[in-house]
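Please work from the sequences and hints to get the whole structure.
Going down the list, the sequences are from chains Y and Z.
9 is the number of the first residue of the first sequence in the working numbering; add one for each residue after it.
232 is the number of the first residue of the second sequence in the working numbering; add one for each residue after it.
No lab work stands behind these hints: they were computed from the structure.
Some hints could be false.
Covered, in the sense of this in silico footprint (three residues per stretch, anywhere, with C-beta under 8 Å from a C-beta of chain Y), are these stretches of chain Z [to be verified]:
(1) 243-253
(2) 286-294
(3) 310-319
(4) 513-522
Computed from a predicted structure; not experimentally measured.
Cβ atoms here follow ideal geometry from the backbone N, Cα and C, with glycine treated the same way.
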Amino acid sequence: MSDDTLLQSRRGFLRALPAITAGVALPMGNATAAEDKHHWAMLVDVRKCIGCQACTVSCIMENAVPENSFRTIVSTYVVQQQVEGRMTASTYVLPRLCNHCDNPPCVPVCPVNATFKRDDGIVVVDGDRCVGCAYCVQACPYDARFINHDTNKADKCTFCAHRVDAGLLPACVETCVGGARIFGDLNDPKGELRRRLDAAKQSDPDAIKVLKPESGTRPNVFYIGLDTRFQGRVDGQAALWRPSEHGA
Amino acid sequence: MNPSIIEVVNVAREVAWLPWAVQYFFLIGLSVGCFLLTTPWFVLRRPAWERASRMALLGALACGLTAPVALLADLHQPGRFLNFYLHPNFGSWMSWGAFFIPLYLGGLMLYAWLALRPDLKRLADAGGRWTGIYRALAYGGHDSLGAIRTAAVLALSGAALVALYTGMEVMVVRARPLWDTPFLPVQFFITAVAGAIGLVLVLDHFVGDGRAVEDAPLLRLLAATQVLVLAVGAAWLLLGITGFSPRHAEALAQVAPSTAWRITAVWATGSALATFWLGFFARHPAWRLTAGLVALHSAWMMRWTVFIGGQEIPKTGAGYYVYHLPLGHEGLLGIAGTAGLWLTVLILLISVLPWAGQRRAQA
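Following this line, the structure appears as structure tokens:
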């Protein structure tokens, strides 16, 4: 099992800790050479998400996200339905984040080329160049971007690129209590992400879904257990709680 | 709305294009529309249009000089505009806008200067404290129709490109079905021209001698724009209702359940019908002023509804985001500040440059 494979989930990471500890003393030449081949992606197993928002909080702490702004959040819904003739209410949770699309609508609209897709698939914003025009915020079909009120520039999930570049997992994956978020390299056929995706497809060809597939954005955040009623804009009653005030 | 799904926790994305953007699109649209209204006199030399075209030139300059300030304010840090020129992305309509705006405003100012040179000379000849400055500005005071027409072509190119980019910039946002319609650039343009006619009527009332509207068929033109506004609106609605265009149907489905949106639609239709009626039957100066103010209000409301209302529609969440106009610079103060700047520029232009009434007084 390669180091990359070991790093692809929280549990895998913990299992691999001894190897990582030993590995830090080794030359990194091979890892650097392989960087071009990465295609980072995330699989969210909705069935395992308990809606605890640990990912939301860890993302805020890791990335210094301003108060009442979110790079990721677990949207939570109450769904009423008839079960055996009785009306029941259940909870549906859906972790949301930037989809790091292969065809990202936010990139071509940027007037100054500040937002771009890295070779490893991560969509990032060059804060030095961003003018805060919010065109990318408008273009994102997932409401994944916002204007950071501390910097007055575009902000979004980066898959914790600074951590990934250092060989670590994104903060949200690291802290996911239910192990619902699996991060890894799509180009690694033996990696946990690839294996989970392939296994899910084998059991059910429609098991893997993305948000708003009709938009043609080709997301790199995949879902298992995604209810089609939540795949696009949710048709339901508005949120009971929505943070909207900012600290500016 | 599906009553069996209740959203308990989700993020509400704030309005990211602030009222500054509304002000910019409103003012630059008015400027472009006003510029078009200057051409019957300054380019084509239709005598009936002289007063109206002079008021229109005043409006084009006041709005054109104010609009970019609102745009810069929306960047939160005005100095950031330099990046538009240092790192342009020519695949983005907004990037092109950074080049079209100076082209238009440069052409407009050159055109205005050439058009006003004879009047500047008259001011210089009349003597007074500023004679030297006026004489220098007049630069001989020639009424060179060829030069004016050349500058008009430059300004017209800029105006057409500004009208194109402002419409396309919003239209290409596929993530918002309400914006993603080829009708939007057309609607922006028609309402801009209608608003410009309204501005000329208002300026004619307060700055001119009130006779521009008697000489030129401004009111009929205003009525014609309202026919187009209603026709385009009806076409949009028809495409949405019939489902002939899935995108328009999706946009309609997003706004139709909202009471606020239904009231807005009735308001916009009522305003267009009222303006149309005033265009035909307004004879008293007060009613002409009313027609102008209603047309201006419609042009502004259209942009407010598209930008602020459009951003109240979540892309993934349920229901609607709720927008409360902040009182500070990101809200009411920004709107009032832009209006104040516009008024200041207008007063400066009236004070230092020769307009219709002054020209006649000098003549």
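Each hint, compared with the structure:
Interface restraint, the stretch 243-253 of chain Z with chain Y: holds (5 residues with C-beta to C-beta distance below 8 Å; minimum three). Chain Y is given as covering the stretch 286-294 of chain Z, and this is violated because 0 residues of the stretch bring a CB closer than 8 Å to a CB of that chain, at least three being needed. Taking a C-beta to C-beta cut-off of 8 Å, the stretch 310-319 of chain Z contributes 7 residues in contact with chain Y, enough for the three needed, and the coverage statement holds. Counting residues of the stretch 513-522 of chain Z whose C-beta lies closer than 8 Å to any C-beta of chain Y gives 0; at least three are required, and the coverage claim is violated.
Consistency with the previously given hints fails for numbers 2 and 4, ordered from lowest to highest.
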